[in-house]
Amino acid sequence: MATITAKASRTGTASLSWNGRATPYLFLAPYLVLFCVFVLAPAIFGIWVSLHDWDFLLEGKPFVGLDNYTALLDPGSAVYADFWMSMRATGIFTLFSVPFLVVLPLGIALLLNRPFRGRTFFRGLFFAPYVLGVAVVCLMWRLLLDPNLGLIDSLLGTDIAWTTSTPWGWVALVGVTVWWTIGFNGVIYLAGMQDIPRELYDAAKVDGAGRWAEFRHVTLPGLRPVALFVVTTTILASANMFGQSYLLTQGAPGGETRTAIVYMLDVGLSQYKMGSASAMSYVLTLVLIVVSVLNFRLFRGRS
Amino acid sequence: MSLDNLTRRRALGLGLGALVLTGCGGGGGPRQQAAQQTGAQATAAPTSYTGPAVSLAFWNGFTGGDGPFMKKLVEQFNSAHPNIKVTMNVYQWADYYAKVPAAVAAGQGPDLGIMHVDSVATNAARQVVLPLDDVAKALGLTEADFSPPVWQAGVYKGARYSIPLDVHPLGMFYNKSVLSKAGLDPESPPKTGEEYLAALEALKKAGVQGHWATPFPFTGSMQFGSLLYQHDGALFADDASVSRFAEEPGVQALTWLVELVNKGYSPKNVGQDADFIALQNGKAAFNWNGIWSINTLREAKDLQWGVAPLPQIGTKPAAWAGSHQFVVFKQRAADQNKLAAAKVFINWIGGHSIEWAKAGQVPARKSIRDGAEFQGLKEQAAIGSQIDHLYFLPSVAGIGDASAVVDQAINAAILLKKSPKDALTEAAAKADKILEQNRKKYGA
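Protein sequence lines correspond, in order, to chains A and B. Under this note's numbering, the first residue of the first sequence carries the number 1, and numbering increases by one thereafter. Under this note's numbering, the first residue of the second sequence carries the number 1001, and numbering increases by one thereafter.
Hints are supplied without guarantee of correctness; some may be wrong.
Stated by the list, open to error - Here chain B is said to cover these stretches of chain A; the calculated rule only asks that three of the stretch's residues, wherever they fall, bring their Cβ under 8 Å from a Cβ of chain B: (1) 44-58; (2) 245-254; (3) 267-273.
Worth flagging that the hints you see were computed from the coordinates, not collected in a lab. Just so you know, even glycine gets a beta-carbon here, dropped at the ideal spot from N, CA and C.
Whenever a hint applies, use it, and build me the whole structure from the sequences.
Laid out in structure tokens, this is it:
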């Protein structure tokens, strides 16, 4: 009797000591539930949707097998040309925006990490555009970049069709995106730099390292985990670009700058062909998974 | 960046949320329910409501200058009908068309709303809106009370789904000072194709690019459509079996717009809204724009402007027009009192739509359109005089999907990326495939 009580009270204390086997899972549970309900379940359900001719309001949702996927590979289908043009647009934007969005913020973070008068002001300044909404940013730049009435052309004394032609449309889209979001990656880098131990720099100085050697052998290696995060999230964000294409260029000329997400939204939520749109988003997801895996490999390979 | 993510997530969330919600809804019920709902109300009184107090949720997309006018009308209606309380919710049209079907599917839909006429067939096919034949009958409304194309545009597969509130056609806005400067008579703007081109030539000599040809749907696609119908063409066959915009009239229409650029009557690369801005700051003389522009131009100080029907470039007069129409949304359980009250509301607003005309609209009701008060609204009446020459898309589910394809062709041609014929032919092939898909999806 006595032993049993003792044992019971001991287990009681154990579970209160935060060391129980279930404790980490219990702490993770709230997020896990949200993740399963709002990410995992819809993602799996999406595969099911992509195998049907799906409109959530129509009674018949005929099973079509892989038709929605084969249509993406059939040059004679209604979606082939538009889908691949939009994938090309997303590819071009990602290819040209990611290098700028990864490298420029690093430079800015380096400058802003040095002690100088007005540093806090400049930190705020570079971050400021990021707080604006996509509609504000794009409407403002659409007027500034207007090919006939815009301030930018008038200041530069040029006659460039920033919003209605390629390749200038890409310059505008990448430029506006860099201006808008540069502060976000900059802040991440800045936080990463402040985490690099002072002693490493002192040791480097003792070893006779100059500014460049310090950057090359202390700052960059110290930023590797942060850089992996920045590169990965920037690629994903650029591949998901929507608002700039939708508002700044409206896909002009002839749909060349319409991104994959804009097209999928049109097919899925304007034309209500949700099966087809789901199939498209799985193709895009697959591409992004491959890119992310390569990215992780690359960063791991260097260490 | 992460804001893009946000937008995407929201978009996906919306779709998936809707999917999940439908999962909860029953299967075969809605059609029967729709029949019951409409069958019973035919007997209710058409113009007054004497039942217990009800509240009606009224949704629309009047986010612009038109919103306050509708709000005022709703307030007047509420004070005149103590037992009906209408609450109005306004969303951006794009959000509205995504939100409403999801809300209806979840059984949380509003009681009534406004839809553009080219969205009515799609929403009827998707069972978002209810048939309203009995409402029209109870209110004693017929084709003669409106105008045939506007009235017919709300009929899908033999049943009426909407009651017209207004039409909003394209008109030719012009800057009087610019016309005078080029030696043209500001009080008699061009009416024919020859006069129009002569005016543009005179303007060009005076250093003004008179008509900025915009490549964007607002209002480039509307200008193309107007010219297409003026050349006796059509966007689609009447039954929407095939597209027709790539035929000769379409090529003529688009070539005319592209020639404006080639002949120097328009700059290249006109941006969104740049044509409308150019009209206001005197860089352009003409702008074919919607009637809703009236109040915007009124606010522009020192601007001498006028508006006239579109000039007749082709063989007959024609103009693009949209139309706002009342619809009643499907509910899980029909409430006869609400339906009766909705009927009173639709009738009352229609009868008071002279107030709505002041927001920059042409009332759909003939009696109001012909009245002295509407004729006193000089600008609205000028545009409204085109009422018998307006065209609407065939009332077929998913027609908007096919007409959106034309937008891209117009964009590519006016930006000089493709020849009008090539752009339209490519688009026609795509549009035909979409029409075929939709026939399969919604049933021919």
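**Prompt:** Taking a Cβ-to-Cβ distance below 8 Å as contact, does the segment 245-254 of chain A have at least three residues touching chain B?
**Reply:** holds (count 5)
**Outcome, coverage hint (the segment 267-273 of chain A, chain B; C-beta under 8 Å; three residues)** = holds (count 6)
**Request:** Count residues of the segment 44-58 of chain A with a Cβ under 8 Å from any Cβ of chain B, then say if the count reaches three.
**Result:** holds (count 8)
Hint check: no violations occur; every hint is consistent with the structure.
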